[in-house]
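Participant: Sequence:
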Amino acid sequence: MLKSTTNPSLAACLLRALASTALAGGFSIYEAGARATGMGCAVTASVADGSALFYNVAGLSFMPGTQADVNVMPVAPHIKFAGLGDPFPSYTAETVTQSFIIPGVGVSHNPGGKLAFGLGVSAPFGLGVEWKDPDTYSGRFHSYDVDLATIYITPAVSYKVTPRLALAAGLDVAYQHIQLNRRAGQAFGGNAELVDVLDVQLEGDSDLNFTPTFGLMYKPSPKVSLGVMYHHKKTMTYKGGTGTLTSVAPAGPLQDAVAPLVGEYDVDTELGLPHILSLGIAYRLTDRLLAEFDAVQFGWSNFEELALDFDPNPGGALSSVVPMKYEDKWQFRLGLDYAVNERWSLLAGYARDESPQPKAGMGALLPDANRNDFSFGAQYVADGWRFTASFMAVLNEARDNLENGRVTLFPEDAADPEAVELRNREAGRYESVANIWAFGIGRQF
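According to the working numbering, the sequence shown is numbered sequentially starting from 322.
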């Protein structure tokens with residue numbers, strides 16, 4: 322029997338659509354430069370190029386003259402899914418082949434006095450997950466295509482307190498854009514089969530957001546360097562985002578039932594981004610070999626929930642609060658830089674990244690997991706120019722979203738039959754990898 326067009330089942334589908342914009346720890350992009358990528362992004366205590374505007378603004382004080390760096394980092398993710406529960410225990414799916422270009426730009430000027438200045442561009446948060454066969458993919462009621470891009474523009478100044486110690490501060494000016502496509506379903510027929518009735522397209526641009534970043538770099542000896550980096554947490558505010566609902570229901574009662582919901586909505590929400598704190602120590606093992614270890618904390622507890630506001634809001638059923646319940650997590654990173662000669666250096670790195678995403682939040686949008694990152698690269702320096710190329714393999718551990726053979730749910734969803742059915746469709750095992758290439762050109766004037 323057809324249910325009311327404004328009942329909580331359709332509303333819940335729409336709520337999950339916006340909840341999907343929340344993503345997970347896997348949409349953190351810590352790659353802001355080619356040299357850093359080759360070193361597993363363990364450069365907080367030794368960064369000496371334009372990526373200092375992201376990794377540690379205090380590094381500007383130890384970079385002589387005027388320097389400019391431009392980096393591009395293509396990221397190619399791929400995810401596979403195998404169903405482990407009803408209603409599709411043998412169902413398999415995978416994402417399409419795609420790649421995204423991550424920028425990293427930095428310009429700095431150090432006249433040799435107490436003060437140094439810089440301006441950087443980075444993209445520390447982003448995601449692109451598009452599943453094949455969106456008309457039949459079992460997770461389409463959660464998401465079948467999502468793109469998120471976040472840009473930081475960071476002006477900064479660094480002050481050299483002593484020849485060995487620098488303190489710095491900057492301003493992260495952030496902008497974010499999101500686009501999400503998914504389906505909404507309605508139970509229909511004698512077997513209450515879930516039928517596609519709406520195609521939901523959500524798109525929005527955030528307001529500009531301003532928060533501080535701080536850095537410290539201390540070099541107690543020629544062999545040792547210590548670094549601290551901090552980017553403050555953010556709350557990205559979306560006002561007047563667009564939610565477009567298009568009917569894909571078969572002709573008849575279902576099409577008639579969803580007709581009142583077809584159209585455009587204004588959607589307001591807020592998306593919390595974590596603070597980033599990095600503590601690094603670099604040590605020159607030999608004249609040619611530099612090693613660095615960084616411990617990096619992401620304050621994902623800032624992403625506790627999403628409050629959603631639809632306008633117009635038929636029956637008041639669309640607006641709600643969606644739980645996310647992420648946790649603060651640490652990453653551990655190790656990087657090596659070996660100078661083969663005066664012109665060539667070889668790079669290598671490793672990172673261990675623990676997922677902040679609870680199992681109840683895993684799904685089609687992003688099935689995050691603990692990961693291991695392995696990287697290598699090379700840099701060539703001549704006549705004031707530097708050319709860098711590197712590669713990083715991001716290997717997520719296989720992870721399912723079941724406990725004791727049943728799909729996990731937030732307590733808020735466990736009593737909702739519609740939420741349980743949609744979660745059952747995403748019950749399974751997810752495996753994902755991402756390949757990151759990085760290319761950089763730098764110039765010291």
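The hints are simulated quantities; they were obtained by calculation from the structure and are not laboratory data. Take the hints with a grain of salt, since some may be wrong.
[To be verified] Listed next, the in silico PhoX-like pairs over lysine-lysine satisfying Cα-Cα at most 20 Å (straight line):
id: 1; residue 1: Lys554; residue 2: Lys401
id: 2; residue 1: Lys646; residue 2: Lys554
id: 3; residue 1: Lys680; residue 2: Lys650
id: 4; residue 1: Lys453; residue 2: Lys401
id: 5; residue 1: Lys435; residue 2: Lys540
id: 6; residue 1: Lys680; residue 2: Lys646
id: 7; residue 1: Lys680; residue 2: Lys401
Only a predicted model underlies this, so the values are computations on that prediction, with no experimental measurement involved.
Participant: For each hint, tell me whether it holds in the structure or not.
Facilitator: Now for the hints, and whether the structure bears them out:
Distance restraint check for Lys554 and Lys401: the Cα-Cα separation of roughly 32 Å exceeds the 20 Å cut-off, and the hinted pair is therefore not satisfied. Distance restraint check for Lys646 and Lys554: the Cα-Cα separation of roughly 16 Å lies within the 20 Å cut-off, and the hinted pair is therefore satisfied. Straight-line distance between C-alpha atoms of Lys680 and Lys650 comes to about 15 Å, which keeps the hinted pair within the 20 Å bound. Taking the CA atoms of Lys453 and Lys401, the gap is near 10 Å; set against the 20 Å cutoff, the hint holds.
Distance hint between Lys435 and Lys540 is fulfilled; the C-alpha atoms sit about 16 Å from each other, no more than 20 Å. The straight-line distance between the Cα atoms of Lys680 and Lys646 is roughly 10 Å, inside the 20 Å bound, and the hint therefore holds. This hinted pair checks out: Lys680 and Lys401 have alpha carbons roughly 17 Å apart, not beyond 20 Å.
Hint 1 from the list above is the single one not met by this structure.
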